Each structure stands twice: as C-alpha cells, then as structure tokens.
Amino acid sequence: MRFASTLALKNIKRKPGRSVIMILLAAFLAFSIFAGSLVVLSLRNGLASYEARLGADVVVVPYEAQTKGALESILLQGIPGYFYMDESAMEKIRGMEGVEIATPQFYLASAKAGCCSVALQLIGFDPETDFTIQPWIQESYSGTVGYGDVIVGNHVSLPLNHSLTFYNQELRVVAQLDETGTGLDNAVYASMDTVRDVIKNAESLGFRYLGKVSADKAISSVMVKVADGYSTEAVMNDINVHVRKVEATQSKSMISSIAAGLSNVSRIITLLTVMIWILAIVILAVVFVLIANERKKEFAILRIVGASRQMLSRMLLTESALISAVGSVLGVGLAALVAFPFTDLIRTRLNLPYLLPDAGTVAALVLGALLASVLAGSLSSAVSARKLSRNDAGLVLREGA
Amino acid sequence: MELRAENVSRRFFRNSGQANYFYAVKDAALLLTSGSLTEITGRSGSGKSTLLNILAGLLEPTEGRVFLDRVDLYSMADGPRSELRSRCIGVVPQGQTGLHSLTVLENVKLPCLLYGEKLSDASALELLEKVGIADLKDVYPNELSGGEMRRLAIARALVKKPAILLADEPTGDLDDENTQKILRLLRQEADEGTAVLLVTHEREAAAYADRLYRMDGGILAEASAQ
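Chain order of the listed sequences is A and B. Residue 291 in our numbering is what sits at position 291 of the first sequence, and the numbering runs on without skipping anything. Residue 601 in our numbering is what sits at position 200 of the second sequence, and the numbering runs on without skipping anything.
Everything labelled a hint here was simulated from the structure, so no lab data went into it. Just to be clear, a hint being listed does not mean it is correct.
[What the hints assert, rightly or not] DSS-like, lysine-lysine: derived pairs with alpha carbons at most 27 angstroms apart:
#1 Lys200(A) to Lys212(A)
#2 Lys10(A) to Lys582(B)
#3 Lys217(A) to Lys200(A)
#4 Lys538(B) to Lys15(A)
#5 Lys296(A) to Lys582(B)
#6 Lys519(B) to Lys13(A)
#7 Lys10(A) to Lys561(B)
#8 Lys519(B) to Lys10(A)
#9 Lys200(A) to Lys92(A)
#10 Lys561(B) to Lys531(B)
Remember, it's a predicted structure, so these values are computed and weren't measured experimentally.
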C-alpha cells in the first residue's frame, strides 16, 4: 500500500498540469453535488417549516386579499399587505359546525416615515385563542407577550429589550424567533391589543388603512382549526357560502401550490446534479483513458520490476482517490462559500420557502458530496486501471522503444 | 538457481484474422544456470525479446513451460508470480524505461519499494557507481541520454541481487567504453553466481559468454561455444 500511495503522490506532483485539470473536474463535481443537494434540502425544509408555521386547517381572508394573493406574499416573501375585515365575520365562523378554534390575525406594515423606526411587517395575534404563532414563540420564549411587547422574526436585526417605534408607539423586543425560511422571518409579532393601539395611532397620523372597518373590530385573517370528525373541505365550503365578502382556503391547497413549485425546482436541480455526476464520470473516464495510453509504458516498467496487476490497479485507484479527495474538498468548500452567505439571495430568487438544514445534516451532505465525488473518480479510473494492468509489458516497451 | 524453458512457443495472431498467425518463438528450449552467462544473438524480429519476456514470467507461452528451479512459472497466479519475479529475476528491458516521476536514485530503488523492502541510499549509489551514473542520482529520466537510461535500467535490475538476470540489449545506445564496462559488469555478476542471459547485437559480447545461441525466425539454436 505504501508503494501505491508513494508512487501516486509522486505522479500527481510530477504532472501538475494533468493533476490540476483532474482536481478541477472533481471539484466541479463535488460543487454541483453539494450545492444542488443543499438547495433541494433547504427547499424541503422550508416547505415543512412553512406548513408548521401556517398551522391552521382553513385560512379565511377578505375576498380582495385572496384575489391578490396578498396573504401568500406576506407569509412567503414578507411583502407588506393591508387587507381588513370586521371581526363579526370571525364570530360567525366560530359559531359554525365543525369549527373547533377560530383565531384572528392582524397584519400591518410600518410606514416609510419618521413615525416608524424600521420597515417591518407587524403581525397581531390573540393570545387567548391563537394556536399558530404561540407554539412557535414558545420554542424560543417561555414568557408571556404582554401589552407593548414584540417578538421579532429571525431576520430582524434588533437586540433584546431594544425599543422600536411603530406609528409613534414604543414597542419593546422581548424575544427572537427561530428561522422559518419564509417571509415570517421578516415580521414582528405582538398581541392584538398592542396592534389595535398601533393602528389607532396610525389613523390619528393620517394613515387610512382600514377603510370602513373600525379599528376596534378590524382583523386581517381568521385561522381555523377544524374539529375532529369534520371534513376540512366541507368547513371551508360552509364558510364561503355563509360568510359574506370572505374567501376561505384550505391551507393544504396553499401548501400544495408551493409544493408543486418546489417539486419542479427540486426535480430540475436533482436532474442537473445527476447529469453533472454522470457527465463528470464520463469526462473523468475519458481523461483516464487518455492518460492510460500515455502511461502504458510506466505500467509496463512496473510490471517488469515485479508489480502485480492488482498492485497497478491499486496505484491508479489511489491516485484517482487522492485527486478526487483534494478536488472534492475544494468543490465543497467553494459551494459552501457560495451557498451560505447568499442564502437570502437564493430564497428571493427562488421565491419559495428556503430554510438551511441543521449542522448535522449539512455535515452529512458534506460527507456525501465528498464520497460521491471520490466514488466517481474511482469508478472512472477503474476501467483504465483494469485495461492498463492487462497490457503485455514486453510488447508495450518494444512499441515504445 | 536455474531457469529452464521447455519447448516454449508463442503464437501471435495478425490483425487480419484468427486464421492468420505466426510464431514469434517456436519450440525453444533453454537452460540458464547459476554462474553462467548465456548470450542470444539474432536479427531484429527474430523472437529474442519475446523469448526473454516468456522467461521473465511476463508473457505466457502458448505452448511449453518455464521452470524456476522446480516451480512452473505459468502455473502460478499473477500476484505470486510477480512477487517471485521481483525476488529472483532482474530484467533489463528494451527501450527507455525510467519512471518519469522518480529520480534516478528512486528509479533504482523502485523494485524494493514495491514490496516494502528497505534499501539504503548507499547501496543504490554503489550500483550507480558501477554503471557510471552516480553523479546523476537526483536527475529525472527526461534529462538522461539514451545510454544513461540503459545504465539506469541495468542498475535497477541488479538492485535486489537477483539469482537470474535477463538483459535485453543492455548495451544499446552505449559508446564502446561503456559497452565494455557493462559487459564486464554482467560477466562479474555471472562469476558471483547469477544466471545471466544477454540478448544482444554486440559482436564483442560473445567474448564474455559461456554459451552462445542464435535465434532465427523464432527458432533457437546453439551456436559455437567460446
């Protein structure tokens, strides 16, 4: 084995041009495998997180919000939205058969004016009935969200106990949430009482977001949990038929439209990764065959001094494994340099929930990409190794003499 | 130790088809014994190198057998046969046979590296001295002349003190002075107990040989002894 590694290293060192080309090929392969897998996993992770954060079976919004797709814009991209309805709609929904819980949410974006310290989306929830935001808050904050308190999303860069001003109302940051990979990371969360006072301040400053709806009774959406034994679709249809000027949607259908988009992107990335993998194996194999022809004499000399065919194969495989390993580390490193700092850009470009996997999964991905690349190198050199070791040493030397 | 070829033949097919073949070596019998230098001469393409490769365990004969003492070389698997070649048979092949990734000194030590044997630089240098290229020990083969490369191959073949030495045109590319030096070295090896086979075109080599053979059209025949 020492012979194989010693000669392999010397060959790599003495043929820098050839070695660099092969290292770059291996790096390209590892880059595409790691980056491709990371994006696909992050998209899947993002969807799971989005599904978990949505939490409700049925989402009810004012009719005009649904037609504009405004809710998805808020949830996915954090694009500010203003749509309101009277809370009487929620009362009606609560009284309907099959509705176990119905809880309101209120969306308000800060204005680009002196009254607001930062540009943010404010999401209000009712601590008494909320079943979607509070479980998430509890993952990172065990206290209660009192009047004037806000919890900030993961991408909001504000320190704890920092004050921020929303339409001249002072709010205090009490906690920061875990990342979701969606627009929810760019929002801040407060109780409905707090948000109602903020909207009153906004009205007094001349911002008319509510239209004809009274500030005390305005809500943006109703999150509905369907009771066991009832069909989500039936409850949704019931709401659409019996509650005026609202549109009820099954959250499953919101997810499925995103899932379809995600599935397409994932499929394309997976296909590209597989194609690159096969292409790299073919290119590496061709390179190895070309090199093999150039190295026929070298192998013949080794046979003459006593190397067995197996030893020669081992030497070539060691050489390709070393080259692939160096290239893979380079490729994975480069992919990490691109994929991690540009996570936000990738998320914006893809317009899909995008949440990086945890450190353990990333480590497994790194290992997988390294192994796949080294395996590709070994596979592509195996044919040449076999062919080379079977050449007739005496004849090769006579041809090349 | 002795190396014995019993009626070995090697048939090659021409590219034009299976029915079209020729014998590079036909029914050759040869015995190389310890302490003797055997010389084979003949024209190019007469089958000398093919026979040498068969004797080295590198090219399986289509007929006949080759014995190293009592061991039938071609009844062995490639691994053990290669190991046996490394241990007992030194081969000086035709052509320029230095590994380009290794220095001259590393090339000479290569047979020892294969099976993890230790060899001091001093021992390898001593051999390089004998063949006259000690001052080139750190040079890579692409900087060597044809003659220097031949001497490198000879030093490498002798590095494990083989019982059998098979040298194919070892003095090709050498000037008269170095030719004599190498022929004397081979004679000395034989005198110290090695069974030496010398395949050559050199007329003066006959003066160093114990037995002379001539090969013509694949047929090996004993020539007049010295």
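Status of the hints after comparison with the structure:
Taking the CA atoms of Lys200(A) and Lys212(A), the gap is about 14 angstroms. The hint holds against a cut of 27 angstroms. In summary, the hint linking Lys10(A) to Lys582(B) is not supported, as the alpha carbons are separated by about 32 angstroms, beyond the 27 angstroms threshold. Under the criterion of a C-alpha separation no larger than 27 angstroms, the hint pairing Lys217(A) with Lys200(A) is consistent with the structure, at around 11 angstroms. For a cut-off of 27 angstroms, the pair hint linking Lys538(B) to Lys15(A) stands: about 20 angstroms separates their Cα positions.
For the suggested pair Lys296(A) and Lys582(B), the alpha carbons sit about 31 angstroms apart, so the restraint of at most 27 angstroms is broken. For the hint linking Lys519(B) to Lys13(A), the alpha-carbon distance of about 23 angstroms falls within 27 angstroms, and the restraint holds. For the suggested pair Lys10(A) and Lys561(B), the alpha carbons sit about 22 angstroms apart, so the restraint of at most 27 angstroms is met. Note on Lys519(B) and Lys10(A): the hinted pairing holds, with a Cα-Cα distance of about 19 angstroms set against a maximum of 27 angstroms.
Between Lys200(A) and Lys92(A) the alpha-carbon distance is near 25 angstroms, which keeps this suggested pair within the 27 angstroms criterion. Restraint check: the Cα-Cα separation between Lys561(B) and Lys531(B) comes to about 15 angstroms, which is no more than 27 angstroms; the hinted pair holds.
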